Amino acid sequence: MKTIDRETTLTSRAALDSRNLKSLLTGLVQKAGADYAEIRLEDSTETALSFMGQNLENVSESHLYGGNVRVLVNGCWGFVTFNSLNELDARVREAAQNARAAARLSKDKSVLAPIEPVVDTVRLELLADPRQVAIEDKIALFGGYNDRILRRPGVTSSALRYFDRYTRLYYANSDGTWLDRELMDMGFGASAIATRNGITARGTTSQGGRNNFNVFRNLEHDIDEAATDAVENVGAPVVKGGTYTVICDPHLAGVFVHEAFGHLSEGDNIADDPRMQEVLRLGRKFGEGYLNIYDTGLDVGLRGHLKYDDEGVPTQRTDLIKDGVLVGRLHSRETAGRMNEKPTGNARAISYRFPPIPRMRNTCIGNGPHGKLEDLIKDVKEGVYALDSAGGQTNGELFTFTAGKAFMIRNGKLAERVRDVTIGGNVFDTLRNITGIAGDYHVRDGSGGCGKGGQMPLPVSHGSPHIRIKDVVIGGK
Amino acid sequence: MVKKFTENLSSLCDAFEMFKASGRSLSVAYENDRLTEIRQGESSGMSIRAVKGGKIGFSYSSKPDEVDTVASAAIRMAPYGKPYNFSFAPKQKSAHTRPYDGRCGEVSVEKLVGLGLAVKDAIKSIAPEAMAECSFSGGVSQSRIETSTGQDCSEQESSFGYFVAAKVTEEGNFLSTYRYRSSNGLVGEDEIIEEAREAARDFVVARKQAPVKAGRYRVLFSPGALSDILMPIAVSINGLNIEKKTSRWVNSLGERLFDERVTLLDDPFHEDGPGGGLYDGEGVCTRRRAIIEKGVLQGFCHTLSTAKACGHEPTGNARRAVSTVPQPGLHNLVMAGGSATREQLLIQAEGGLYIDQMLGTFTSNFLAGQVSGNISLGYAVQGGQRIGRVKNCALNVNTFDLLKSHIVAISAEREWVGGQYLPWVLVEDVAVSAR
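Same order as they appear, the protein sequences are chains D and W.
The first sequence begins at 27 in the numbering used here and counts up one residue at a time.
The second sequence begins at 68 in the numbering used here and counts up one residue at a time.
Only chain D is shown next, with the shape it has when bound in the complex:
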């Protein structure tokens, strides 16, 4: 009864006191009657605004509040979400009951890789706090960009979105970990839209990050370029379908490495599948000696930056391909446990509504030895220079992504602009076909995110230098 009284008082936000929660949550996970238990509480506030054409289409303040209990009993998981702290001990019991019911029927047993428990408080260290910027000032800033797009002759419409989200996360597990964390996430994306003769094309730009609202200021040059891209894309011919040498700019190459190799490296694809383990055996050569791919949670300020993952594991830089050879993968405690490897701090959940699963943070191709863009282009007789990304998707082996803009390369020089460049390929062939990596690594965040298992959009980053790939199939007329 005592516990219930205490929970009831906690339903008031004012009482969301860290000390009370620590004793409540750590107490509950210890007495959950489970082999392992964890509780996550989340309290987030988001301010968002969006423009469509001349209208400020939406301005909103949203509040997401809830939590989950995850338990492991006899090797089976139970996971229960809730919106209220009332009867929290009943939620713990339900999770344990579900796990027990499953364990009676299922022979599958999960194990968790051991970790050192941590007790930590993570506070924001912001260079510029979006919460200190009045909503009027945000509207003036982003509305100014929107007006700038619409003033460009030839632009018919625009779409612009900004959000900032402050989250307070509390996490306790039965291994003794207690985390009280603050997180900030911000994103901005703008599209200029041009329609001519029944053809519509876009030009886009984006920014994002975790610690500095000022990245959204002084973007006039990027905005102008997006408007130019829309106007020029709509008049450009559709690329002729075929097989080309393609040079990807850092942004598109970042999407490529995320889609094509990052997802493949996530431990849940590998842990239970012996044939996949053979395909992705450590030590296997995947590309030329200058190919390096890694995923890191350590890049402060990027949307992919995290001190701890959602299982309380400290994040790290995880090398995936080093000097062309496979050396690692992205693990949760569970996938690491099943493969007898070490957790890498990649267990992430988009919100309390989902359990953590292996996900990326900032996924990168490292700098290579091939100079700059000009050095990669000069030997290409006929090819495509593809920049920016309109998104991508992979099924593990095959991938598709669409460039935001593209130019033909003819006789070693940039030539005419083409539109609707969709690049498809086989991941393994494409990695082998990377014939050049420049030394101009660049990373730029946006407002979107990664989707997997219904969890979207998870804030991630991706960066790369310019890369050159031979024999790429481009769908076209």
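Treat the hints as calculated values from the structure; they're not laboratory data.
Keep in mind the model is a prediction, meaning the values are calculated, not measured.
There's no promise every hint is true.
Stated by the list, open to error - Chain D stretches covered by chain W per the calculated footprint, using a threshold of three residues with CB under 8 Å from any CB of chain W:
no., stretch
1, 47-56
2, 108-120
3, 149-159
4, 194-205
5, 489-501
For every residue, glycine included, the Cβ atom is placed at its ideal position computed from N, Cα and C.
Chain D is already provided as a structure; the job is to place chain W on it using the hints.
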């Protein structure tokens, strides 16, 4: 209590719309032959659009007891928001009914875990080398929309969904053949097991590889792949794109745009459809209506706001989650079947391709009609049969041309793909890139 709150809200702003929703669900997932997730959730949320000084503010909270906070945040946002140049839904009552199956909210862990084991057995009995992947979820939810303009409507919904797949990941061959369905009622175990067997039979065929060269082919699109092909239509009838004049069909109502065999309906009351409702996300009564009838454009999808901006009648197509503002969208997109059987279409597709899954098409320039992406699961067709999987090839079509002048035949059989009920469609002269 609620009445008192809405009266109070009326005194604080010029107009409002309050949306409340709650629900509970249970889902179970198997990956790579093993049980990986049992997820039980309760969810609640409420959002308010409040008008003050002729402008709209929006706020949402997932916390059930936070109505005052949500209301004051919506009012605080209003001075900066979009002009309120339409009216929230007036009092109206739907004359229709929709199935509700309370059993969806009563599914047990034991039942769903057991179902997963049965699916695994069914797949392995046909394709022993495949790994099974499947998930099942059941749930019920309630929603209520109240407006200061007189509407007060409630609805309860039930949902059940399954996904069953046979997969292998091996050197040079990542393959997943799958079947899935969302329904507004519990789906029988027999159907699910049969669909698992069907996925396993597809797996056996797709395990064999068939060569493909770049060229122009007859292509038979399965309902799953056709769903991707129809995206430019869904985007072009979207009221936002009509309002912003980014759709090429702004002035095309009544125009013949497609082959006369193309008829598309939006049916919010379809007995098996997962996407419908008696009221849309703004409390407007929904309607069954033609989008394309015998190739002629008949209607757009509007929210109250986009309808007003375009000078059109509201269509009851506001779609939203409780946490988001309404956007125009389709309920259940139903395409009329043709007269051919699937077998006849396969015979007519001789020397061509059967495409079942596309990858990454969502990045295409839909407003220009373009659909492009990898063919993630396609087969070569010979002698009325799928003889093996074609790989490393991509498709780039323009839906506006494809469904206007390339259709050979449409099947009588149709199948649910999410909220769409679609036939198989055979088209000719389609460019396929291949390496």
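Taking the hints in turn, this is what the structure says about them:
no.	hint	result
1	47-56	violated (count 0)
2	108-120	holds (count 4)
3	149-159	violated (count 0)
4	194-205	violated (count 0)
5	489-501	holds (count 4)
Violated hints, listed in ascending order, are 1, 3 and 4; each of the other numbered hints is respected by the structure.
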